[in-house]
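What follows is the residue order along each chain.
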Amino acid sequence: MGAPVYLQTPFDAEVIKNLKAGDRVLLSGIIYTARDAAHKRLVAALESGESLPFDLDGQVIYYVGPTPAKPGMTIGAAGPTTSYRMDPYTPRLIENGLKGMIGKGMRAPFVKEAMHEYKAVYMAAIGGAGALMAKTVRSAEIIAYSDLGTEAVRRLVVENMPLIVINDIYGGDLYEEGVKAYRRAS
Amino acid sequence: MREIHTDKIVQAVRDLAIRANTELGEDVLDALKRAQAEETSPTGREILGRLIENAGVAREEKIPICQDTGMAVVLIKLGQEVHIDGGSLTGAVNEGVRRGYREGYLRKSVCDPVTRENTGDNTPAVIHLELVEGDCLEITMAPKGFGSENMSRVTMLAPSLGVEGAGNFVVQRVAEAGSNPCPPIIVGVGMGGTMEMAALLAKKALFRPLGTPNEDEETGRLELDWLNRINLLGIGPQGLGGRVTALAVHIKTMPTHIASIPVAVNIQCHASRHKTIQL
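Line by line, the protein sequences are chains A and B. For the first sequence, numbering that gives the first Met the number 0 gives the first residue as 0, with consecutive numbering after it. For the second sequence, numbering that gives the first Met the number 0 gives the first residue as 0, with consecutive numbering after it.
To give an idea of the interface, some chain B residues facing chain A are shown, with a C-beta separation under 8 Å as derived from the structure:
hint, residue
1, Asn53
2, Val56
3, Pro63
4, Ile64
5, Asp67
6, Tyr104
7, Arg106
8, Arg115
9, Gly177
10, Asn179
11, Leu232
12, Ile234
List of simulated lysine-lysine pairs, DSS-like, C-alpha gap at most 30 Å:
hint, chain 1, residue 1, chain 2, residue 2
13, A, Lys69, B, Lys7
14, B, Lys274, A, Lys134
15, B, Lys32, A, Lys134
16, B, Lys107, A, Lys39
17, A, Lys134, A, Lys16
18, A, Lys134, B, Lys61
19, B, Lys7, B, Lys76
20, A, Lys134, B, Lys107
21, B, Lys274, A, Lys69
22, A, Lys118, A, Lys19
23, B, Lys107, A, Lys69
24, B, Lys32, A, Lys179
25, B, Lys61, A, Lys69
26, A, Lys111, A, Lys39
Covered stretches of chain B, going by a simulated chain A footprint (3 or more residues, C-beta under 8 Å):
hint, stretch
27, 38–47
28, 261–270
The set of hints was computed from the structure by calculation and includes no laboratory data. All residues carry an ideal CB built from backbone N, CA and C; glycine is no exception.
Pulled out of the complex, with its shape left as it was, chain A reads as follows:
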């Protein structure tokens, strides 16, 4: 376990180049939320040449559908959802400038290839630690698809959100490496 890397969004090529699978990250800045239904709309908008609710260039998307904020709170519980469901849409977003994704769980080989080709990284947050994750969110604002409720696209400002790099641009995969290191039999 190395010391955590403090990162600020948006990501440029230099930041991406230096990240390796297994790196601890404390992320600050603006990130955007999108999960299943929002991904479908984002890609449909790209396909039909419409403009997106936010410019993807250098940005980070967090796969989350938070619980409603209680009065006086910024956001409700806000841990990651399982990422593979976003796989069919992800290469399209990466081709258009997306540089980082936050979720949990394995990605498809074609997503890892797109990450390698277009230089993007995939990071995991702790699944099921929604109450803790919420504490790193400083502000939350719905910017698109408000009819989707929890699945609306939100602009979050986060501070020192604890993450771990799963897939880097060099083909590193922390899930594969971790399991290999601890597997003892079948």
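Chain A is fixed; fit chain B onto it per the hints.
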């Protein structure tokens, strides 16, 4: 005949929904602490520590343990000497879910399977009704997150494959699920009955408190055997590698047809939430 008014049921279901989503059971907390002691991966130990911390924050601040506050699975044991007064039992359960999810600031995660349109109030609940002797009404609320539900499977094995085939199916399912269902997981297994009964048995197996033995000794041995095999897979907390992939395997069986071994695996994430009340 004992009368129970639906108002009482609505209130009970509302309260259970909120409590289940914000207060992790002591049995699960204890199991996470035991896992922390057993885990050999430093990252794994750190993650287990964060999960225990998360449960504390959720309980103290009354916010959900996990943002996936689930689809409401409600198991009802209705004494046959009870008369429900004031309307329909199903209606009362759904009204309780509606209020609990609204007043408890829980996420509305239920949508039409065809149009994908959100129902807006987390109804309908998935209700399993059992008629039992007596004049008591017992309600168990188990909000089920779908990161783990998506990793669940049912199969119909040929009898020639035997209990070994069932074990292989269960272990293989956990291996393939990998990091997706938020390990450390609890593995509910239903064996026997028909296809839908195997699935229901697997779900009910998850309601047994962690750390309690199976009431059947032979089945209990199978649970330990399969748990050991699962914990050799190396998946570990959050799938980042480690010893503790599962906290427990719980098996529920019933007799089946001579032509089959129905086997269902219902995977439960570490946020194993369920609360019970007797009215």
